[in-house]
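Novice: Each chain is listed here by its residues.
2 protein chains.
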Amino acid sequence: MSTTEDVIGVARRARVAGRELALANRATKDAALQAMAAALLEREAEVLGANADDVQRAEHGGVPTNIIDRLRLTPDRIAGMAQGLRDVAGLPDPVGEVVRGGVLANGLELRQVRVPFGVVGMIYEARPNVTADAAGICLKSGNAVLLRGSSSARSSNVAIVDVLRDAVSAGLPADVVQLVPGDTHESVKALMRARGHVDVLIPRGGAGLIRSVVEESTVPVIETGVGNCHVYVDAAADLDRALAIVLNSKTHRTSVCNAAESLLVHETVAEAFLPRVVAALQEAGVTVHGDESFTAYDGVLPATDDDWATEYLSLDIAARVVPDLDTALDHIRRWSSQHSDAIVTEDQAAARRFVAEVDSAAVLVNASTRFTDGSEFGFGAEIGISTQKLHARGPMGLPEMTSTKYVVVGDGHVR
Amino acid sequence: MSTTEDVIGVARRARVAGRELALANRATKDAALQAMAAALLEREAEVLGANADDVQRAEHGGVPTNIIDRLRLTPDRIAGMAQGLRDVAGLPDPVGEVVRGGVLANGLELRQVRVPFGVVGMIYEARPNVTADAAGICLKSGNAVLLRGSSSARSSNVAIVDVLRDAVSAGLPADVVQLVPGDTHESVKALMRARGHVDVLIPRGGAGLIRSVVEESTVPVIETGVGNCHVYVDAAADLDRALAIVLNSKTHRTSVCNAAESLLVHETVAEAFLPRVVAALQEAGVTVHGDESFTAYDGVLPATDDDWATEYLSLDIAARVVPDLDTALDHIRRWSSQHSDAIVTEDQAAARRFVAEVDSAAVLVNASTRFTDGSEFGFGAEIGISTQKLHARGPMGLPEMTSTKYVVVGDGHVR
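Chains A and B supply the protein sequences, listed in that same order. Everything in the first sequence is counted per full-length UniProt numbering, starting at 1 for the first residue and increasing by one. Everything in the second sequence is counted per full-length UniProt numbering, starting at 1 for the first residue and increasing by one.
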C-alpha cells in the first residue's frame, strides 16, 4: 500500500471513531482523559525506554543539544503530561455550548451550537509531550486526532500513543487517537492533501515547517506560533516599568514565540533609557543588535534588516531608536509577525493609537509580551497560538478547537 | 506589466486604503454607504447602459437565458442594490465589538475585540448586484475589497465600481473598493496566489468555481454555498406539515443553495405519504427521480447515484424510502453537502438524534430548508453561506467578516 493510502486509511478510521466521540458526553470524555493520565504514569518505564532510543539515535546523528533537550523525556516531564491531561479533564466541555440563540419573529427557535471539527491533523516537531497534550485537547473538544510528530521522536510517540489508545479504549474507540503511519515526508504530504478526510491541520513548530504546510496543504490550516514580537518604549513611558517589561519579554524564556525580539525606543527617552536597558540586557547575557544610537554603547553589534526580520529565539535582541510613534508603528507594520507587540507608555492617546493600529493577535499596553499564552489568559489549555486571522487568532483553547452548527426548530414553518 | 503585478498592485493599494478604513468610525462608514446608495440611483442610466452592453454580448454569445436573467439589471434591481446598501448602514458596526473580556487574577485587563480582516477578495459569477452587496458588507466590516466578477458582467461591474468609488471618496479612500484588473483566468489565479496581500478569499457561485478556488488558492478561503439539502420525513412525521415543508423546500425558489434536492421518507409512512407528495410535487412542476418505491408512481424517473449527488437547482428532486432513521442518517452522511438538512417528526428522540448526528451548517426540525439564510436568521446582510467548518459556518453576516485581536492592558506587569 502506498503512503497516501495508509494515511487515508487512518483518516477514515478517525472519521468513524470521531463520530462516536462527537456524541460522547463530558463524563465519558473526562473519564478517558483521567485514564490516559493514569496510564502514562503507570507505563512510564515503557515510554522512557522508547524515548531513550530516540535520544540515543539523535545523539549519534549529531542533533544539536537544544533539540535533544526538547526530545528528552524524564519522570517529571511525564508527570507534567499526565497533569496536563487531568487539567483538560477539569475544563468545561466546549461541545454543545450555545454561542447564541433566540426566537425569530416567526417563532422559529434558532441556536448556534459548538460542534467538533471532526478529524484534526497535528504536525509538530521533536517534542513528545505535544503528543499527549494534543491528544487530550482534541479528545475533550470531540475531535479525532491524527498525530504526525517528528520522525526523530518516532519511538517515543509510538509508545505514548500506544499507552493513550489502550487507556481511551475503555470507553471510546481507540481510533480517536492515531499516529500517522510512515516517517518520511511523504506521510506529511499525504496528510496535507487529505482534504475531505481531515478537517483541520495544525502545524506547530518553526517558521519553515509552518510555511511549508500553509503553502502545500489543501486541508484548511491554522497557522501557529511564529513570533517576531516588539516592545516599544514610548516618549511617555515609565522607564522603570519599561526596563522590567523589556527584560521580562526578552529573557524570561527565550525559546518561545511570545518572547520579544525587537526593542523600539522613542528618541525623547533614548538618552535616559539606552544606558540602562543596554546594561541590564547585557548583564542578563543578551546580545544587542542595534542601530547607530545603540552601537554607541560597548558590545552592541550593528543591526541589519535581517535583525529586524529575525525571530532569534535566543539571547539576542534587535534595537532601534525611533523619532516618533508613527515610525514605531511603521516599523512594526513592516517587520512584526503579528503575534504580540507591546507599548510602554503612560500616555492614553499613544496607547489608544498603538492598540488601534497594530494589527497583531495580541497588543499589550504596559505588560510583557510573555503574557500572550493560553494559560496566562485563563484558557486552561492551549493547542497553539494562531497568527492567522481566520477562525482563531491568538492563544487557542478548547472553544477554538470547535466549529458551530445552526439548529433551527419550528412546528411546520415554511416561507 | 503582467497580470500578477497588476493584481498585487491593486492589493497593495487596498492594504493602504484598508488601514484607514479599519480606523474609520461607524458614522463615517454609514455616510459612505448612504452616498453609495444615492449615487447608484442617481447614475442609474450609466449602469443600465453598461449592463445593456454585457447583456447584448451574452445574447450574441448564446449564453443560456437563466444566466442572462441573472446578468440583467433593471431600475428595480438597482433600487434593490441601493436599498441593500442602506440596510447595511442600519446594521451595528461589528468592528470594535468586545467578544469577551475581563480582569485576570493578576490584574491584567484582557479584551478580545473584533477587527477587520484587512483585504478581502470576492470571486463571483455574472450577478452584478453582488458587486454592490459585497462592497457594502466589506466596507461596513472595515475591509477593503477586491472584486472579481464574471468577465461576462465586466462592463456592468466597471460602471458600478466607478459609481461606488466616486461616492466613497467623499469620506474614505476610493481604493477600499476596487475591481481586479484583467478579465482572463490569469487575474483570478493571481488573486488566489496573493497570499500576504489578500487576507481572505470568498468565492460565490457554482460548485465548479468554488472547488477550483479551494484547490488552487494559497490565500485562506471561505467556501460558500453548495447545497445538496435533504428533507427526511420520519415515521412520526405530521404528514400535512411534511407535505408543506417538502414543497416549500423544493419549489419556493429552485435556483438557490438552500433549496431541497433530496427527499427521504420513512417506510412506515410511505404508503400514506408517497401518493400525496408525488402528486403535489408533480402538480408544482417537479420531476421526481425516485427509488423503486417512488417509481411505482406515474411519471417518476428512476434515480441513480448521480441523483443523490446532484445539486439540481431546478424543478427536480431525488427521492427514496428508507427503512429507519439510521439509514436516513447514513444517506445524508454520504450525500449531503453539509449545508442544510431537515427532519419532519413529532418524535423528540428522533429529532434529538437527527440534530446531534447530522453534521451540517444548519439542521432543521419541522421547518423548510429555505430558512437557512442571513436575512431569515435576522443578520440583516449576508455575504454568503459558508459550508466549511473553519471560521464561519452557515449564513455569514457582518461579524463573520471580521477577525479579532486580544488587547491586554497592565501597569507594568511582568511574569
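Calculated from the structure, these hints are not laboratory results. Treat the hints with care, since some could be wrong.
Said to hold, decoys possible - With a straight-line cut-off of 25 Å between C-alpha atoms, the simulated SDA-like cross-links for lysine to any residue are:
#1 A:189 with B:184
#2 B:189 with B:170
#3 A:189 with B:388
#4 A:189 with B:19
#5 A:189 with A:41
#6 B:189 with A:2
#7 B:189 with A:196
#8 A:189 with A:236
#9 B:189 with A:154
#10 A:189 with A:25
#11 B:189 with B:63
#12 A:189 with A:127
#13 A:189 with B:206
#14 A:189 with B:58
#15 A:189 with B:195
#16 B:189 with A:216
#17 A:189 with A:335
#18 A:189 with A:272
#19 A:189 with B:63
#20 B:189 with A:214
#21 B:189 with A:127
#22 A:189 with A:315
#23 A:189 with B:267
#24 B:189 with B:166
#25 B:189 with B:379
Novice: In ascending order, which of the hints set out earlier in this document are inconsistent with the structure?
Specialist: 1, 2, 4, 5, 6, 8, 9, 10, 13, 14, 17, 18, 19, 21, 22, 23, 24, 25
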